[in-house]
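Keeping the supplied structure of chain A fixed, place chain B upon it in accordance with the hints.
Chains as they are written, first to last, in this note's numbering: chain A, 1 to 263; chain B, 1 to 406.
Because the hints were derived from the structure by calculation, they are not lab data.
Beta carbons are placed, not taken as given, at the ideal position from N, Cα and C, and that holds for glycine.
It is possible that part of the hints are untrue.
[To be verified] To give an idea of the interface, some chain A residues facing chain B are shown, with a C-beta separation under 7 Å as derived from the structure:
id : residue
1  : Ser55
2  : Ile58
3  : Leu78
4  : Ile104
5  : Thr179
6  : Trp198
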Amino acid sequence: MTKVDDRFAELRAQNRKGLVPFVTAGDPDLDTMVEMIRRFDRLGCAVCEVGIPYSDPIADGPVIQASYTRALEKKVQLKEIFRRLAEVAPEVDIPVVTMVSYAIVFRHGPEQFLKDAIAAGVSGAIIPDLLVDDAGPMVELCKRYDFALIQLVTPTTSEERALGIAETTTGFLYYVSVTGITGERTELPAVLTERLQWLKGQTDLPVCIGFGISQAEQVKHVSGIADGAIVGSAIVRRLAEAKSPSDLDDVEHYVGSLVEALK
Amino acid sequence: MSNSVRSPEDFVQVPDARGRFGDFGGRFVPETLTQALEQLEAEYESACVDPDFQAELGELLRDFVARPCPLYFARRLTEKCGGAQIWFKREDTNHTGAHKINNTVGQALLTLRMGKSRVIAETGAGQHGVATATACARFGLPCVVYMGEEDVRRQAPNVRTMRLMGAEVQPVVTGSRTLRDAINEAMRDWMSSVEDTHYIIGSVVGPHPFPRIVRDFQSVIGRETITQCQQRLSRLPDLVIACVGGGSNAAGMFYPFTPHTEVRLLGVEAGGRGASAGDHASPLTYGEPGVLHGSYSYVMQDEDGQTCDVHSASAGLDYPGVGPEHSFWKDSGRVEYTTCEDKEALAAVEVMARTEGILPALETAHAIAEAIKIAPSMSQDQVVVVCLSGRGEKDAAEISRLRGEI
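Isolated chain A, as found in the complex (with noise of 0.2 Å):
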């Protein structure tokens, strides 16, 4: 069990959903990362996922892109997000887990990838372009280091494609809304609920929901058919606007109310 299994599984004892925001790393910089983790930890979030930029994100929407192309541009590395990532690691209770490209992930080799980030506390990845179908390697290595490998569903998976893609997923499934890009969306399909209770009935993993949440009413909504919400470009922009501390006390205030609208 990953820390991320366990936080889902207090949070179902508890009977409360979880809220799962999202931060780059390097965007406006680390210490920001850092500062936003022990901030989202203190809101009681579920999990924190961060963003490894990539510069040819193709799942992203322009919010979360330009966030990429700006913490490369500074030339943040995999090494410096990681020792940053340990530093605060001890500090927080809240899981962290990395949103990370397959070719960084091969950059650096699978196993080197996960031993680094273990040293780091992270706790699990999604790998947004390794399909279920190439993923076998990747399932056994995340298993015998008992890291959680977040793998997404789609409104375009096939219901058998889901079946294969719990079997193998750990930590949460991670339901991706729309068909698209990320990026803030002020509606929301209407097949959601019928998809997702369906998805429900097919497994034990909690499913988190993503890709267009912003809005304290999404959250609620989504809330009431998942175990979680998961809220990238909204916090990425107002992140990039911030100019100053208290700025960034703004964005705590915004993810906190997300929060306060899953209770």
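Showing chain B alone in chain A's frame:
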């Protein structure tokens, strides 16, 4: 895998069911695209054995694209080089002036077959964009072409042509504003539009089944060349040369030759300004295996897995990755790869224009430069075939600009 001995059949029977050419290829994309890729794979399989589809494609290639294109003996260039006979496979005589149309008419037919009503594409030099816009106009399909802002500038004539054909040209302002970013944007569009849109990818890159489909549609180049060599020369060539960016004209030319192990195959990458990182676009020569744009292949990456910026004077070769089948051919030793610098390619454009009265595309000029270099060291009874992948009118203005600079 590398240096393993392979039999001629090994090169014909790739990719495998998982889209792998040896270790290369595969499918590294977000889950959202899986269904569309599986649908494309299934439709393509059925189209391959559907005589009606094949007949329609054959008719389009003959009457719309104007195939077969000639195999042309470059007498004056051969005399000037003083060695092997140099022949050109004239893909520049195709409708829209390059080999790209071979693939786009095929994929446009697949679009209709899948019942999809919209097409997107990426383009570097604009040749694939023009070929896609043209095929879409022919079938009344709405078409959006993503093109890096830098390429919109240096390939302006093609932008105008695409717009005349009714396509929407979407300038891409992210990253290096070239082909790689255009592919990213096209993929992002597809992530949201996948249910009614087909992505006509222009090279032998991307997730399975694209590298196979594009290779197959382009293989008409190599098949015709083999037939024409047998008819005209009663033999196969000693050496076949093609330029390699993503690698579609080279894949189409080389693939039918791969079982003929007596024929030497040579791919020419963009050597740009030189061998330093960032000065060239030669992943097979200087890169390492990695993942980019949905496929495992040689790529220019830094130690962290970030794709490097690359350079070539030719927009069509200005790409940090390469098709997985080329990686397979490189590691197995079946195809050799070398590089040609910007200035050599520019010089070859002029030699070709003034010696043969043919203005080649700057991309193609990389292959011609290599032929000019090698032919003198070969004997007069030997035969070199160069894939003349595209014509150079699109580059005329950019070449004048570069000649003042280089």
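Verification of the hints:
1. A distance limit of 7 Å between C-beta atoms decides the matter here; for Ser55/A the minimum to chain B is near 4 Å, and the interface restraint holds.
2. For Ile58/A, the shortest C-beta to C-beta distance to chain B is roughly 4 Å, which falls under 7 Å, so the interface hint holds.
3. Taking 7 Å as the C-beta cut-off, the interface hint given for Leu78/A holds, the closest approach to chain B being about 5 Å.
4. This hint holds: Ile104/A has a C-beta 4 Å from the nearest C-beta of chain B, less than the 7 Å allowed.
5. For Thr179/A, the interface hint holds, the least distance from its beta-carbon to any beta-carbon of chain B being 6 Å, beneath 7 Å.
6. Because the smallest distance between the Cβ of Trp198/A and any Cβ of chain B comes to about 17 Å, over 7 Å, the interface hint for this residue is violated.
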